[in-house]
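Take these sequences, add in the hints, and give me the full structure.
Number of protein chains: 4
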Amino acid sequence: MKTYTHKVQYYETDKMGITHHSNYIRMMEEARVDFFDSIGLRYDECEKMGIMSPVLSVNCKYKKPTSFPDEITIETFVSDYTGFKLTIGYIFKKDDVVVCEASSEHCFVSKDMKIVLLKNKYPELDQKLYSLVEKN
Amino acid sequence: MKTYTHKVQYYETDKMGITHHSNYIRMMEEARVDFFDSIGLRYDECEKMGIMSPVLSVNCKYKKPTSFPDEITIETFVSDYTGFKLTIGYIFKKDDVVVCEASSEHCFVSKDMKIVLLKNKYPELDQKLYSLVEKN
Amino acid sequence: MKTYTHKVQYYETDKMGITHHSNYIRMMEEARVDFFDSIGLRYDECEKMGIMSPVLSVNCKYKKPTSFPDEITIETFVSDYTGFKLTIGYIFKKDDVVVCEASSEHCFVSKDMKIVLLKNKYPELDQKLYSLVEKN
Amino acid sequence: MKTYTHKVQYYETDKMGITHHSNYIRMMEEARVDFFDSIGLRYDECEKMGIMSPVLSVNCKYKKPTSFPDEITIETFVSDYTGFKLTIGYIFKKDDVVVCEASSEHCFVSKDMKIVLLKNKYPELDQKLYSLVEKN
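These protein sequence lines are chains A, B, C and D, in that order. Numbering-wise (this note's numbering), the first sequence opens with residue 1 and increments by one. Numbering-wise (this note's numbering), the second sequence opens with residue 1 and increments by one. Numbering-wise (this note's numbering), the third sequence opens with residue 1 and increments by one. Numbering-wise (this note's numbering), the fourth sequence opens with residue 1 and increments by one.
All the given hints hold, so there is nothing to weed out.
Non-contacting residues of chain C with respect to chain A, defined by C-beta distances greater than 12 Å in every case (computed):
hint, residue
1, Thr-82
2, Ser-110
3, Met-113
4, Asn-120
Derived pair list, reagent style DSSO-like, types lysine-lysine, alpha-carbon separation capped at 27 Å:
hint, chain 1, residue 1, chain 2, residue 2
5, B, Lys-61, B, Lys-93
6, A, Lys-85, B, Lys-93
7, A, Lys-93, B, Lys-114
8, D, Lys-111, B, Lys-111
9, C, Lys-7, B, Lys-94
10, D, Lys-94, C, Lys-114
What the hints contain is simulated information worked out from the structure, not anything from laboratory work. Note that this is a predicted model, so its numbers are computed, not measured. Where is the CB? At the ideal position from N, CA and C, for every residue including glycine.
Structure follows, in structure tokens:
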């Protein structure tokens with residue numbers, strides 16, 4: 001589990017006066033990139049190696065509104081890994097209160113959008129992802 | 001069911017060359033506003049009456065990538081309504097092929113974020129929402 | 001001159017209750033793409049031919065606020081062309097009142113970011129751009 | 001002068017592979033908020049006092065492209081102040097190389113969008129802004 005902090009920006013609010021819900025999906029990406037960095041899986045290096053990790057699904061439950069200039073901490077973890085599909089979990093907190101819970105599913109593909117089996121090409125990364133699974 | 005068309009903009013793409021996944025959440029809002037308009041429930045008039053409809057959750061499954069300058073049609077419908085909670089479904093298509101399926105949950109609140117029961121305050125709207133439920 | 005219409009979306013507003021100023025820069029791109037389409041210069045086809053048109057500068061003067069669900073019309077025109085540099089002008093109106101005036105400068109480059117002289121490679125397009133200049 | 005750092009996010013890139021130009025306008029806001037914080041002028045507190053600072057104009061010259069995951073430092077300063085109008089300057093650098101230069105103009109208004117003269121209502125803030133002007 002890795003904690004990432006996002007400061008809500010003015011441009012992320014809407015006329016309801018709160019952080020627009022679509023921005024949590026973007027914060028998930030920020031937190032995921034930061035999490036991947038922390039386990040040695042750098043997005044930009046992956047892309048140079050020709051591996052991309054498209055998003056298969058996102059799921060986001062909004063519990064409490066946030067707004068500018070709140071600081072949101074995002075706890076990010078591997079909630080499942082099957083060898084093909086990676087599920088990342090996210091818990092968003094403001095002042096230790098959960099404001100949002102989310103998950104996203106990913107696979108790994110080559111530049112021509114063919115599925116890449118990490119086990120064959122990057123066995124160490126494959127093992128690492130298995131070891132990181134935190135069942136909640 | 002109401003169909004809405006969104007033309008993918010250049011600024012909605014990312015360096016993978018595809019529509020960034022967060023933008024589907026924004027297209028859902030565009031399609032939802034358009035759908036609500038079509039059933040006589042105008043967002044801006046609701047807000048003037050002091051009713052807001054915050055998003056409780058979003059759920060989005062990405063099937064195929066899209067990109068600039070694709071035209072995406074979004075079929076939007078009421079998939080559930082309980083009197084408290086409204087669930088909207090979305091089917092995104094490009095050239096008649098499903099590219100994304102999504103849903104969002106909403107409630108109705110007053111300006112001070114208290115739950116509004118439509119049955120009491122807007123019985124006609126309440127009945128309309130029940131009548132629109134399309135079980136898929 | 002070509003007129004393009006943009007409907008302000010809820011997600012484009014901010015907590016001041018108005019369209020966030022950064023979104024006008026995005027509307028400029030929408031209007032520019034639409035304008036280029038109308039003169040036979042399709043962004044996506046240009047990119048397939050290996051020509052890109054990066055933005056050198058933007059300049060935007062905000063006259064009056066707009067908000068969701070305003071319809072904004074954007075008049076787009078070539079305000080200057082030097083063979084190297086293309087300047088596009090934009091007049092944003094809501095209900096025939098000017099709400100914003102803007103301009104952007106562009107050049108043409110190949111995929112390796114080298115300047116492309118349209119005169120040499122696309123003389124017809126070069127002539128067309130000269131003919132379209134509207135001095136205001 | 002105050003320096004702010006923005007890490008370019010994946011969702012800020014476009015299919016040209018670079019940071020979409022509209023995002024610099026948003027980074028200007030981030031840097032401006034941070035700058036205002038540093039001189040004791042907190043956006044959220046101003047809004048609570050009923051003062052807002054709408055953007056009158058933005059001006060942005062793009063020198064070099066940036067991309068994910070670049071770290072951009074933004075030097076922010078008061079380039080002019082007239083008592084009515086505040087002009088903020090921004091110099092964006094990546095690895096000490098200027099990638100973008102920008103400015104924005106602002107006024108101060110009350111909630112009903114009437115001009116607020118800082119000299120009358122907030123003379124200390126007015127004096128501070130005069131003292132901060134850095135002519136480049």
